[in-house]
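> Starting from the known structure of chain Y, arrange chain U on it as the hints suggest.
Sequence lines, in order, name chains Y and U. Okay, so the first sequence: first residue is 1 according to our numbering, each after it adds one. Okay, so the second sequence: first residue is 1 according to our numbering, each after it adds one.
Just so you know, these hints were derived from the structure itself, not from any lab. Watch out, some of these pointers could steer you wrong.
Which chain Y residues stay away from chain U? Per the calculated CB distances, all over 10 Å, these [as the list claims (entries may be wrong)]:
| id | residue |
| --- | --- |
| 1 | GLY85 |
| 2 | GLN91 |
| 3 | MET94 |
| 4 | ALA113 |
| 5 | ARG135 |
| 6 | SER139 |
| 7 | VAL142 |
| 8 | PRO315 |
| 9 | SER318 |
| 10 | ARG335 |
| 11 | ARG337 |
| 12 | GLY368 |
| 13 | SER389 |
| 14 | LEU397 |
| 15 | ARG451 |
| 16 | ASP467 |
Label-pair restraints from in silico Cβ distances [said to hold, decoys possible]:
| id | chain 1 | residue 1 | chain 2 | residue 2 | range |
| --- | --- | --- | --- | --- | --- |
| 17 | Y | ALA375 | U | ILE156 | 34 to 40 Å |
| 18 | Y | ASN92 | U | HIS264 | 57 to 63 Å |
| 19 | Y | ARG370 | U | HIS264 | 48 to 54 Å |
| 20 | Y | ALA406 | U | PRO105 | 56 to 62 Å |
| 21 | U | SER158 | Y | ALA320 | 52 to 58 Å |
| 22 | U | ALA99 | Y | SER318 | 58 to 64 Å |
| 23 | Y | GLU277 | U | ALA206 | 40 to 46 Å |
| 24 | Y | PRO380 | U | ALA239 | 26 to 32 Å |
| 25 | U | PRO105 | Y | TRP379 | 17 to 23 Å |
| 26 | Y | TRP379 | U | ALA206 | 20 to 26 Å |
| 27 | Y | ARG335 | U | ALA21 | 25 to 31 Å |
| 28 | U | LEU291 | Y | PRO380 | 25 to 31 Å |
| 29 | U | ALA206 | Y | LEU397 | 32 to 38 Å |
Everything numeric in this text was worked out from a predicted model, so none of it was measured. Even for Gly, the Cβ is constructed at its ideal location relative to N, Cα and C.
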Amino acid sequence: MDSPGSTPLLEARGITRRYGTVLANDRVDLSLYGGEVHALLGENGAGKSTLSKILYGFTRPDAGDVLCAGQPARLRSPADARALGIGMVFQNFMLIPALSVLENIALFLTDLAPVIRRKALERRIREYMDRFGLRVDPSAAVRQLTVGDQQKVEILKLLLARARVLIFDEPTKVLAPHEVTALFQVFGALKAEGYAILFITHKLREVVACADRITVLRQGRVTGALDSGRADPDALVALMFGERAGEGRPREAPRPASGARPILELASAGARAAGSETALKDLDLAIGEGEIVGVAGVSGSGQKELGDLILGLRPLSSGAKRILGADASSWSIARMRESGIAFIPEDPLVMAAVPGMSVRENLVLGTGRRYWKGAGLDWPRLESVMGESFKALAFPLPRLDPPMGALSGGNLQRVVIARELAHGPRLVVALYPTRGLDVRSAASVRDLLRRVRDGGSGVLLISEDLDELAELADRLLVMYGGAIAGEFRRGAWQAEQVGHLMTGSGEAAHG
Amino acid sequence: MAEARTAQALRTAARLGLISAAALAVFAAILLAAGKDPLKAYADTFSYTLANAYGFSELLVRMTPLLLTAVAAALPSRLGLINVGGEGQLYMGAWLASAGAFMFPGLPWWLLLPLVTLLGFLGGAAWAAIPGLLRAARLVNETIATLLLNYVAPLIVSFFIFGPWRAKENSAYPQTSLFPEAARLPSFFDTRVHAGLLVALAALLAYWLLVEKTRWGVSMRAIGGNGEAAQRLGIPVAAWIVIALAVGGGCAGLAGMGEAMGVHGRLRPGLSPGYGFTGFLISWLAGGRPLGILFMAFLFAILTSAGDTLQITQGLPYSVVNILLAMILFIVLARRPARGGAK
Chain Y
1 MDSPGSTPLL
11 EARGITRRYG
21 TVLANDRVDL
31 SLYGGEVHAL
41 LGENGAGKST
51 LSKILYGFTR
61 PDAGDVLCAG
71 QPARLRSPAD
81 ARALGIGMVF
91 QNFMLIPALS
101 VLENIALFLT
111 DLAPVIRRKA
121 LERRIREYMD
131 RFGLRVDPSA
141 AVRQLTVGDQ
151 QKVEILKLLL
161 ARARVLIFDE
171 PTKVLAPHEV
181 TALFQVFGAL
191 KAEGYAILFI
201 THKLREVVAC
211 ADRITVLRQG
221 RVTGALDSGR
231 ADPDALVALM
241 FGERAGEGRP
251 REAPRPASGA
261 RPILELASAG
271 ARAAGSETAL
281 KDLDLAIGEG
291 EIVGVAGVSG
301 SGQKELGDLI
311 LGLRPLSSGA
321 KRILGADASS
331 WSIARMRESG
341 IAFIPEDPLV
351 MAAVPGMSVR
361 ENLVLGTGRR
371 YWKGAGLDWP
381 RLESVMGESF
391 KALAFPLPRL
401 DPPMGALSGG
411 NLQRVVIARE
421 LAHGPRLVVA
431 LYPTRGLDVR
441 SAASVRDLLR
451 RVRDGGSGVL
461 LISEDLDELA
471 ELADRLLVMY
481 GGAIAGEFRR
491 GAWQAEQVGH
501 LMTGSGEAAH
511 G
Chain U
1 MAEARTAQAL
11 RTAARLGLIS
21 AAALAVFAAI
31 LLAAGKDPLK
41 AYADTFSYTL
51 ANAYGFSELL
61 VRMTPLLLTA
71 VAAALPSRLG
81 LINVGGEGQL
91 YMGAWLASAG
101 AFMFPGLPWW
111 LLLPLVTLLG
121 FLGGAAWAAI
131 PGLLRAARLV
141 NETIATLLLN
151 YVAPLIVSFF
161 IFGPWRAKEN
171 SAYPQTSLFP
181 EAARLPSFFD
191 TRVHAGLLVA
201 LAALLAYWLL
211 VEKTRWGVSM
221 RAIGGNGEAA
231 QRLGIPVAAW
241 IVIALAVGGG
251 CAGLAGMGEA
261 MGVHGRLRPG
271 LSPGYGFTGF
281 LISWLAGGRP
291 LGILFMAFLF
301 AILTSAGDTL
311 QITQGLPYSV
321 VNILLAMILF
331 IVLARRPARG
341 GAK
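If we strip away everything but chain Y, and leave its shape as in the complex, we get (with noise of 0.2 Å):
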């Protein structure tokens, strides 16, 4: 690592950028030197995205400089960043599904002849492939690569475009924890090399195994930049949150699990898989009144089919599906909502909305024939009914009128758990349903199942966060390769224990 009194590769000075009343960047200063790795860290909305987006380019700050080894650099367009070096990885690739690895790096790439030389671009890949530890085959189209392998080869595009700076926007997001490990390991390697990173991110537990400096942001200021040495989870969170740090995460007692009710069971089991999908296998599974059952997992272990499976979207390949008591396996998926089952997605725009349709015509969709009215539907006792259900979750009741799409995401998720909520379903199926919001709303969303759980409903919640898992699952079941892979009850787990479970890295347990 260079010393502290050499020049950054990269520094921003005073930077300020204001969005209507909102000022997501204010007098920001962060310098970032070769051969380290700056963790940006923030909760969502303190203006992390504004700054990497100034630094890359895409945004013009209202004040400030941004200056590139020393020299003031003009940066009006992502090009300008990257033909002084900065290269960013976002949280969504920029990468052609069709198009193979090899084809989507030269894409990038500006010094390329007219004719590809594939063996001359192979071997340069492959060289920083070796070099980084950032093995993939170049040969492969990217649609068949996992979103590790994805994120690899973004790295790639930067490396062999002669990028010093490295912008990493929220990069763990999407990867399973090994592969976190391994792109830790990168950062190793590049940083051993004299490359910047910059790693934007709002989780601690990474912040402190990788981060050599740590720049917190709260509310678009600067509120700590620190060593990493200096810096414990406690600090950090102070930091992040400020006075509101300690709020939250109530530690409930083990609920009994005995005497409750199965409210849905699946004995053995089984589902096919079509395309990239996990054919499940051999599922044992008992949702009671009254109890959260987490599911943990990689992404691709079968989490989704899970859900599919018990909203009937999915049709059983062998074993049977039951709703408190009743042979539920040939059940349509309208019976099943009928039945007391509700559905609270990840993106509600895609699985639960529709966006061109209006907000009042939304609240009627998958209610069954409860509001039916000959050939019509009676409206006015639909919006009492749903004006009861934001009531009751004190969520502000959103204009009826206006198309679903022209929501804002946050107001988009509650529509959906107020529609789902409404009739006092038995099992609410939970899929990622924190994914994307930020700190404030996910633990509203986490603090409603609770109270769903708490007035006798019982859950499935589907998470990647084993966080969330933690606070929420009074038994955790953990899915590797379509199947359960252990289950525990509540606090009777350890995280790397679950990890290796995930992973396929250890063997079946129970506790």
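Structure of chain U alone, referenced to chain Y:
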């Protein structure tokens, strides 16, 4: 809310008007290039259609099948389905209606007319249900299936016209004999305007009510707006695909029944000069909106009449109107990116 609707309707009307004006301007240039006087051509068209009682009645005759075939495309389009099979569905509706008329010639009109109407609907519905079932089973894309079935239906009709149903009179024309009088749709005021026009207007009204005012419409629009969410929310998507295509096809079938029972009085090979395709175009240009369909069907009736007029007054071939139609299509395509829908 009502004001927003009115504003929306005005915008739609303005948009359609502008499209038409732009197309007419380009077509005028082509007429000039062909050495014809575009102003005179347009004036002739106007005086032979709108400014003349007979011409106007002929517009309504043409509008009748266009309205129905437009609804045939519009209803499935609300689910994100593309029904380009209106032509085939029209033929099959005419065929089944004719079968009914030939099979029960002795029935009184108040029984036979409802019967042939119902059969016309069922013929088109059954024909459209085939692509619907294939699509619902995820076997064949409905666009391809409806398109290809267009080539099958007229052949089936021709088989009967040339074979079992061929008129016994020593006629040089391949055609069936006339339908019994009780199967003929009544016409109005000594013109060729027949009761099919009322059927068409009723179908358009029913389409609007169905889609905008009923719970079934909510389900169908949900499928068109987000098929995955609709399915997850328990809407039986596969069933609706079949139903929407079948009901749409039924409307096209009514168009065929109208042509056979109302205009020709018998079945002929050239029953439809592409009404099914034009209907699709109308629905698409109108974005599936009922008033837009009404307006565009009227406009297209004028345009196709213009073909006849230009043939007579300017000595231009009928097919020049195809240039005009293509022009309109191009302008619309250039303006609007592809619309989303169920995948």
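> If a hint holds in the structure, say so; if it doesn't, say that too.
Structure-based check of all given hints:
no., hint, verdict
1, GLY85, "holds (37 Å)"
2, GLN91, "holds (22 Å)"
3, MET94, "holds (22 Å)"
4, ALA113, "holds (35 Å)"
5, ARG135, "holds (35 Å)"
6, SER139, "holds (30 Å)"
7, VAL142, "holds (21 Å)"
8, PRO315, "holds (13 Å)"
9, SER318, "holds (23 Å)"
10, ARG335, "violated (8 Å)"
11, ARG337, "violated (5 Å)"
12, GLY368, "violated (7 Å)"
13, SER389, "holds (16 Å)"
14, LEU397, "holds (18 Å)"
15, ARG451, "holds (23 Å)"
16, ASP467, "holds (28 Å)"
17, ALA375(Y) <-> ILE156(U): 34 to 40 Å, "holds (35 Å)"
18, ASN92(Y) <-> HIS264(U): 57 to 63 Å, "holds (59 Å)"
19, ARG370(Y) <-> HIS264(U): 48 to 54 Å, "holds (50 Å)"
20, ALA406(Y) <-> PRO105(U): 56 to 62 Å, "holds (60 Å)"
21, SER158(U) <-> ALA320(Y): 52 to 58 Å, "holds (55 Å)"
22, ALA99(U) <-> SER318(Y): 58 to 64 Å, "violated (49 Å)"
23, GLU277(Y) <-> ALA206(U): 40 to 46 Å, "holds (41 Å)"
24, PRO380(Y) <-> ALA239(U): 26 to 32 Å, "holds (29 Å)"
25, PRO105(U) <-> TRP379(Y): 17 to 23 Å, "violated (50 Å)"
26, TRP379(Y) <-> ALA206(U): 20 to 26 Å, "holds (21 Å)"
27, ARG335(Y) <-> ALA21(U): 25 to 31 Å, "violated (54 Å)"
28, LEU291(U) <-> PRO380(Y): 25 to 31 Å, "holds (28 Å)"
29, ALA206(U) <-> LEU397(Y): 32 to 38 Å, "holds (35 Å)"
Going down the numbered hints, you'll see the structure goes against 10, 11, 12, 22, 25, 27, while the others check out.
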